[in-house]
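Position chain U relative to chain V; hints supplied.
2 protein chains.
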Amino acid sequence: MDNTQNGEAKEELKASSDGSICGFDSLHRLLKQNLKPQQFQEVSRLLLGLNCGRELDTISLPESVTAVSVEHGFDLQAFSFHADKELLREPRVVRVGLIQNSIALPTTAPFLDQKMAIFKKLKPIIDAAGASGVNILCLQEAWMMPFAFCTREKRWCEFAEPVDGESTQFLQSFALKYNMVIISPILERDINHGEVLWNTAVVIGNHGNVIGKHRKNHIPRVGDFNESTYYMEGNTGHPVFETAYGKIAINICYGRHHPLNWLAFGLNGAEIVFNPSATVGELSEPMWPIEARNAAIANSYFVASINRVGTETFPNPFTSGDGKPAHADFGHFYGSSHFSAPDASCTPSLSRKRDGLIIADMDLNLCRQLKDKWGFRMTARYDLYADTLARYLKPDFEPQVISDPLLHKKTL
Amino acid sequence: MDNTQNGEAKEELKASSDGSICGFDSLHRLLKQNLKPQQFQEVSRLLLGLNCGRELDTISLPESVTAVSVEHGFDLQAFSFHADKELLREPRVVRVGLIQNSIALPTTAPFLDQKMAIFKKLKPIIDAAGASGVNILCLQEAWMMPFAFCTREKRWCEFAEPVDGESTQFLQSFALKYNMVIISPILERDINHGEVLWNTAVVIGNHGNVIGKHRKNHIPRVGDFNESTYYMEGNTGHPVFETAYGKIAINICYGRHHPLNWLAFGLNGAEIVFNPSATVGELSEPMWPIEARNAAIANSYFVASINRVGTETFPNPFTSGDGKPAHADFGHFYGSSHFSAPDASCTPSLSRKRDGLIIADMDLNLCRQLKDKWGFRMTARYDLYADTLARYLKPDFEPQVISDPLLHKKTL
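Sequences listed follow chains V and U, in order.
If you read the first sequence in the numbering used here, its first letter stands for residue 1, the second for the next number, and so on.
If you read the second sequence in the numbering used here, its first letter stands for residue 1001, the second for the next number, and so on.
Just chain V, with the same shape it has in the complex:
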């Protein structure tokens, strides 16, 4: 069965300006088109965590939605995760959608035009999610602007908005119309605290109300991710938002490299953790599926990973601290949005090159089923680690090292 709703081009490796990075659209499609069916089944068992040669079920979406995806050229994929039937609880199936997109206008266009063009570009994709019956929708990190933090230019701060700003207002109408929870990651300006900036996810309830916000906990200092120039580590802890469709949390971008960040959302009861991101190929692509799936397995919850797509070029060249000449782009944002489940299964990823909407049905009961099966929470020995961390924090911490007493003995 074809996993793609809107048809798919034959996967071919084309020569591209940056070599291998932009070369292909999707690992899953490349393997599917080039391996024999039985081989692909084996590979899927390992790479997608699908036991017994099962394929992940696909969801049939309305024809109108497929038509919109063709018209607007975005990748559309929809899957259903498996969970066991329970005897004492009804299934709690939630339909979740993730949108990845490139920016809509060159970064040289007037800022207001850029933002409005993104709104306009997203509208049919959000409508497609709504028409598909999506219950919870998440957009990519800082979706309302180019990811300009590579430049270190402060003028991009103008894109920042208060939590109840125009991006939130834009999305509130969709939330209300489609009875849909929407997670909106923005560059936030905190008016009441001296106009400081934060990297923030706003959670909009299915009645169009703002439920709350979460601010990015871990800020990168790697490659061109000069975000620490713009905003500080978040001060909102690890909130879990109890919505009409389950308990959700948001681990923004670089926070996915920190297992403790994933853990804390789990300890607070999250059933789905969203990871809205903006990350580029050379730096992070091999890590991308590893960290998400590990978090889902270790914490017995679903993980929803979103990465923006495309190459963004900025007006003024900048250097990257690598001795190479100044350049004007951030590298290729490789999309590849996908879902990971607590049973170690995962969906294929959206395109590495095109806008996309990926949808998955997930029975939230699966989280507790995996907790009961594997017992990771029960066997975690948190007391040991609370103690380790408390000791580690002390300036005079001494690591537990057992040295070979014969360390400096000469070999015979």
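Since the hints were made in silico from the structure, they are not lab data.
Be a bit skeptical, because a hint or two may be false.
As the list claims (entries may be wrong) - A few chain V residues facing chain U, derived, Cβ under 8 Å:
#1 E242
#2 G269
#3 E285
#4 I297
#5 A298
#6 K373
#7 A390
#8 L393
#9 D396
Even for Gly, the Cβ is constructed at its ideal location relative to N, Cα and C.
For chain U alone, coordinates are given in the frame of chain V:
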């Protein structure tokens, strides 16, 4: 270049008694033999974390070693990880070896015969490691016995040995002969503390001396892993052993599912963490590469994963708590031993079906290089998590939950 030292059969999917589980020998070989070179290069970039189409360098081993691997039918692979040259430090290249093996006699044979047969079987493989110049060698979990904990029969406790028992003595001679650190995971009997059992890794120094031991921190209660019937959670903390060849630690088997366990070894300064395991296909195979690689990435150290191989059948049938009829085997131990590096790269895995020795050269300087590049330790905010864990431990812990005030409002 062929990554296999002793030739490789054409990868074919054969029908096998347990369906897909035993079907193929190695994911890497299957992909390499069935994809076009440019496709395989792209897939490797993502799956092995190799940037820019690089292949992992292979190491040339002595012909005598290759001959031994052919004679004794074990898989032999050897790779070299890349690290940058530094200006103020010399490279610290260490050669590490991992051995996976099936048991040598049926589990119905006299216990002493079984153990001696394993010794005999391992001798040429350990010699091959020594002759290859391996500096640190690690064997699989409870290597000196069948993994009989599925049975819940206490008679298998007879295999337990003190830390200085005959398995240690057997290995000490090799350590001395080859100037090699050897990690020996055994079933330990603690004579001085009431004869209790532990799942323990003994660390033997390159002079043949016992440097110390580590006891498995997390004990599973899943599937047929009835280990909690035999031994308790370890009481040795998270020791890092300072050896002639670097700082090493051992995260035994099920502990790989616990990110905090990996973290604590990292906080104590480990540069290589070994994960000697015994785990079966249906339960854990899709998790296997995910958890190891995530640990290497998140903690900026090398991870060495070892899993035993083969199907072990026991004299008396036992049930699995799944309502199915009693059966006499534990499922297929899928081998697949491999290395993961802090830069997100990894080696291909050893065979899923055969004994094997995998060797890798690793410059331990890479650990600090990745710490400096990504800054995970610096950006980790341990204070936040020490506080979270301390609060979580309290019986009256209340998770940080923000409820939608309109949660129970009817939709219009």
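Here is how each hint holds up against the structure:
Interface restraint check for E242 of chain V: the shortest CB-CB distance to chain U comes to about 4 Å, inside 8 Å, so the restraint holds. A cut of 8 Å between beta carbons decides the hint on G269 of chain V: the least distance to chain U is about 5 Å, and the hint holds. Given the 8 Å rule on beta carbons, the hint for E285 of chain V holds: about 6 Å separates it from the nearest Cβ of chain U. The closest approach between the C-beta of I297 of chain V and any C-beta of chain U is roughly 6 Å, which is under the 8 Å cut-off, so the hint is satisfied.
The beta carbon of A298 of chain V comes within 5 Å of a beta carbon in chain U, closer than 8 Å, and the hint placing it at the interface holds. Because the beta carbon of K373 of chain V sits about 6 Å from the nearest beta carbon in chain U, less than 8 Å, this interface hint is met. Annotation: interface hint on A390 of chain V holds; nearest CB of chain U at approximately 5 Å, less than 8 Å. For L393 of chain V, the interface hint holds, the least distance from its beta-carbon to any beta-carbon of chain U being 6 Å, beneath 8 Å.
The interface hint given for D396 of chain V is violated, since its Cβ lies 14 Å from the closest Cβ of chain U, which is over the 8 Å cut-off.
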